[in-house]
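These protein sequence lines are chains U and X, in that order.
The number in my numbering is simply the position in the first sequence, starting from 1, with 118 added.
The number in my numbering is simply the position in the second sequence, starting from 1, with 118 added.
Errors might be hidden in some of the hints.
Any copy will do: because identical chains look the same in the list, a pair fits if it lies in one copy or spans two.
Here are the simulated DSSO-like pairs of lysine-lysine, each with C-alpha atoms no more than 27 angstroms apart in a straight line [as the list claims (entries may be wrong)]:
1) K517 <-> K413
2) K359 <-> K462
3) K321 <-> K413
4) K517 <-> K274
5) K169 <-> K398
6) K259 <-> K332
7) K359 <-> K517
8) K169 <-> K462
9) K359 <-> K201
10) K169 <-> K334
11) K517 <-> K462
12) K158 <-> K169
13) K335 <-> K302
If you're looking for bench data, these hints aren't it; they were derived computationally from the structure.
2 protein chains.
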Amino acid sequence: MTDLASQLSLDHGGKILLAVLDGIGDLPIDDFGGLTPLEKAETPNLDKLTKTGALGQQLPVGRGITPGSGPGHLALFGYDPVKFLVGRGALAALGIGFELKHGDLAARINFCTLDKDGVILDRRAGRIPTELCEELVLSLKKITIPEVEVFVEPVKEHRACVIFRAPALSDAVHDTDPGLVGEKPLSVVSTGAGAEYAVKIVKEFIKQASAILKDKKPANGLLLRGFALHEDFPSLSELYKLNPAAVALYPMYRGVASLAGMEQFESNPADLTGEVQAAKNALKSGKDFVFFHHKYTDSSGEDGDHNRKVAEIEKFDKIIPSLMECGFDVICVTGDHSTPCPMKLHSWHPVPVLIHGGPQRTGWSDRYTEREAAAGALGTFHGYELMSLLLAAAGRLAKFGA
Amino acid sequence: MTDLASQLSLDHGGKILLAVLDGIGDLPIDDFGGLTPLEKAETPNLDKLTKTGALGQQLPVGRGITPGSGPGHLALFGYDPVKFLVGRGALAALGIGFELKHGDLAARINFCTLDKDGVILDRRAGRIPTELCEELVLSLKKITIPEVEVFVEPVKEHRACVIFRAPALSDAVHDTDPGLVGEKPLSVVSTGAGAEYAVKIVKEFIKQASAILKDKKPANGLLLRGFALHEDFPSLSELYKLNPAAVALYPMYRGVASLAGMEQFESNPADLTGEVQAAKNALKSGKDFVFFHHKYTDSSGEDGDHNRKVAEIEKFDKIIPSLMECGFDVICVTGDHSTPCPMKLHSWHPVPVLIHGGPQRTGWSDRYTEREAAAGALGTFHGYELMSLLLAAAGRLAKFGA
Chain U
119 MTDLASQLSL
129 DHGGKILLAV
139 LDGIGDLPID
149 DFGGLTPLEK
159 AETPNLDKLT
169 KTGALGQQLP
179 VGRGITPGSG
189 PGHLALFGYD
199 PVKFLVGRGA
209 LAALGIGFEL
219 KHGDLAARIN
229 FCTLDKDGVI
239 LDRRAGRIPT
249 ELCEELVLSL
259 KKITIPEVEV
269 FVEPVKEHRA
279 CVIFRAPALS
289 DAVHDTDPGL
299 VGEKPLSVVS
309 TGAGAEYAVK
319 IVKEFIKQAS
329 AILKDKKPAN
339 GLLLRGFALH
349 EDFPSLSELY
359 KLNPAAVALY
369 PMYRGVASLA
379 GMEQFESNPA
389 DLTGEVQAAK
399 NALKSGKDFV
409 FFHHKYTDSS
419 GEDGDHNRKV
429 AEIEKFDKII
439 PSLMECGFDV
449 ICVTGDHSTP
459 CPMKLHSWHP
469 VPVLIHGGPQ
479 RTGWSDRYTE
489 REAAAGALGT
499 FHGYELMSLL
509 LAAAGRLAKF
519 GA
Chain X
119 MTDLASQLSL
129 DHGGKILLAV
139 LDGIGDLPID
149 DFGGLTPLEK
159 AETPNLDKLT
169 KTGALGQQLP
179 VGRGITPGSG
189 PGHLALFGYD
199 PVKFLVGRGA
209 LAALGIGFEL
219 KHGDLAARIN
229 FCTLDKDGVI
239 LDRRAGRIPT
249 ELCEELVLSL
259 KKITIPEVEV
269 FVEPVKEHRA
279 CVIFRAPALS
289 DAVHDTDPGL
299 VGEKPLSVVS
309 TGAGAEYAVK
319 IVKEFIKQAS
329 AILKDKKPAN
339 GLLLRGFALH
349 EDFPSLSELY
359 KLNPAAVALY
369 PMYRGVASLA
379 GMEQFESNPA
389 DLTGEVQAAK
399 NALKSGKDFV
409 FFHHKYTDSS
419 GEDGDHNRKV
429 AEIEKFDKII
439 PSLMECGFDV
449 ICVTGDHSTP
459 CPMKLHSWHP
469 VPVLIHGGPQ
479 RTGWSDRYTE
489 REAAAGALGT
499 FHGYELMSLL
509 LAAAGRLAKF
519 GA
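Next comes chain U alone, as it looks inside the complex:
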């Protein structure tokens, strides 16, 4: 379906806003008498959009499948997340703004604490401060491996990442992190054919890194995981003839947006009002597709704080009038997955979708809620099918066949 939408896409038409309320879908909350946060929240602006738009619900990956943020967002951008895989290592690198090239092998680093026998005492080295992480990374930058470019970059606290750049790498490399304390880091082994060279490089990196770290405190070791070979994705410009922009505060979402070839627009201040301004700037500079990310509906869900989730929904509701004024022709509100407060986790439950603008079967729904979305005019569909609906609403898809 996405291939077809790609073939039919036009290089002109309306401007699209994709507003992602991260983790928006939820479950009935006892404290709310069985209402979900969306049902509980006062959302006069979303209500108005709903009445003059259309609702549906999307399955980010598939029934019963709980998506990580990567697959959840890729689906919204029109990529089938089961075909377009992106590893944690690559996402981490993209998230800190490192420009991955086709064929780069990325992995996450955890600095850890080892005892004198090399057994893991703390997989996170007591969550060292980010400054110490940066120091350690600086010391690791001395590592050289012949014919390989090695990049080590700090992320946050005990987390960093490493990128190997060389021809013919493979990511069939097993994590060295055993996932628990009381064991030694695993030795580097391949998980599939053709990874001999990658394994050799990673072994050499660990050997040199271990020598550099061995007398440091409290982080005297490192664990690698999430090996991921970066393969260039076709951009939204190549796929759908869009000129796309991203407005997101957090590295992870900026990272996944850059995979899709979106240009980042900075938010000043770093809050929803700043994000609205950034969206406006994106349109002014000629962008016709803006991915707009609101993080805190997810964070409050992960914390199990349903009152805060309601507040975050209401905060988003308040900026809708100013978003409307930016000049978008089509506005979509959805999430990358559900993060139900009772679970404090991402979940597999379908995510409500609102599309406003373009020709829609309006008047079917009154409020943007899970329940109304399930009975909405757009029906239930796969996350990666959303892009076709948005392009169609914006008049950016030609007819198929004569």
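Got chain U; can you put chain X on it based on the hints?
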């Protein structure tokens, strides 16, 4: 999607009951003022499960496609029934407890009555008693074919089955049963390439069998149908890290359960109360997935007896409290297909699904009926997607991607 669920499945989590009310879906019944048997039945326990669970409906194979019992059940066990094919012959053999090996060719036998010219007078030889069937089978056990192991086994009344064991067999062999009286049995022909050897073996079997049977009464001939090569299925243990059990009274359902690698638990007495006890025993012995089969909702549908179907639904409803006490974390109630009383046949109509347990969008539905299921929180999905939903509800699926 099932591949993905397989990749993501965990070896721990909640215990799942899959209760299959065979042929449960139905159509409006005039005698009931347009209600279906599910709508007509008094089901206080199902109602309670529904209010605190979630409904949806599943398509066992696809829209408009009427499933046999094999595909209907395989879908519920998480196998795409269009990919995992199992022939009637193989099912019949499995159903009587014959342990099929990879590569075995199985077929169903009907003992029949032929006139002196070899024309079929009765395709079922007057439904001979099972004892006579066993005698005939005993006489056929003398058949020998060089380099082939031949197994002939009685099933019930005029029905038996034959299994050929040899290397490189094929099931591209046409039925010899013309499906009507007044014709001779068809000669053995292949329906595809590479079946020459199988055809030769089957011809030899029929030649010897005909000679043995020719003077018997009333069954002096035999018809073969449903040739099926048995290929090992990946078990539910391999696919989803489950330790599965089956509680079913009828051979067919035991057979399809054994395809999925389920261990059988015996019901004493052979009724619903015995089945509950068997389910309890399965859990006690460490099983974490129990397939629980209730046959008579289907039989009453096939007989067009809507009052009996209502009674069978109510019988199942009565055992729900004792099923709940077994200690399952997730309880699913569904069917393998619809068997509408007005049709007296299997049909393609979607089958209502109830899932109770795990995080669900509860409070959307009041009664387990076709109509409410179509508007339920789980939506409409393929039968083979049910397993993902059950595993997710039981906390047995990891997140996809980071």
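Comparing the hints with the structure gives:
1. In this assembly of identical chains, the alpha carbons of K517 and K413 lie at most 27 angstroms apart only when taken from different copies (19 angstroms versus 36 angstroms within one copy).
2. In this assembly of identical chains, the alpha carbons of K359 and K462 lie at most 27 angstroms apart only when taken from different copies (25 angstroms versus 38 angstroms within one copy).
3. When the C-alpha separation of K321 and K413 is checked against a cutoff of 27 angstroms, the pair qualifies neither within a copy, at 37 angstroms, nor between copies, at 60 angstroms.
4. Only between protomers do K517 and K274 lie at most 27 angstroms apart by alpha-carbon distance; the minimum there is 23 angstroms, versus 48 angstroms within a single protomer.
5. Taking the shortest Cα distances, K169 and K398 sit within 27 angstroms of each other inside one copy (25 angstroms), while across copies they are farther apart (46 angstroms).
6. In the homo-oligomer, the alpha carbons of K259 and K332 lie at most 27 angstroms apart inside one protomer (16 angstroms), although the nearest pairing across protomers, at 75 angstroms, exceeds that limit.
7. When the C-alpha separation of K359 and K517 is checked against a cutoff of 27 angstroms, the pair qualifies only within one copy, where the shortest distance is 16 angstroms, while the shortest distance between copies is 32 angstroms.
8. For the identical chains of this complex, K169 and K462 are inter-copy neighbours only, at 23 angstroms across copies versus 31 angstroms inside a copy, given an alpha-carbon limit of 27 angstroms.
9. With identical chains, the CA atoms of K359 and K201 are at most 27 angstroms apart both within one copy (21 angstroms) and between copies (24 angstroms).
10. In the homo-oligomer, the alpha carbons of K169 and K334 never lie at most 27 angstroms apart, since the shortest distance is 60 angstroms inside one protomer and 58 angstroms across protomers.
11. In this homomeric assembly, K517 and K462 come within 27 angstroms of each other (Cα to Cα) only across copies, at 13 angstroms, whereas the closest approach inside a single copy is 44 angstroms.
12. Taking identical chains as interchangeable, the C-alpha atoms of K158 and K169 lie at most 27 angstroms apart whether they share a chain (18 angstroms) or sit on different chains (20 angstroms).
13. Taking identical chains as interchangeable, the C-alpha atoms of K335 and K302 lie at most 27 angstroms apart only when both belong to the same chain, with a minimum of 18 angstroms there against 77 angstroms between chains.
In this structure, the hints that do not hold are numbers 3, 10, in rising order.
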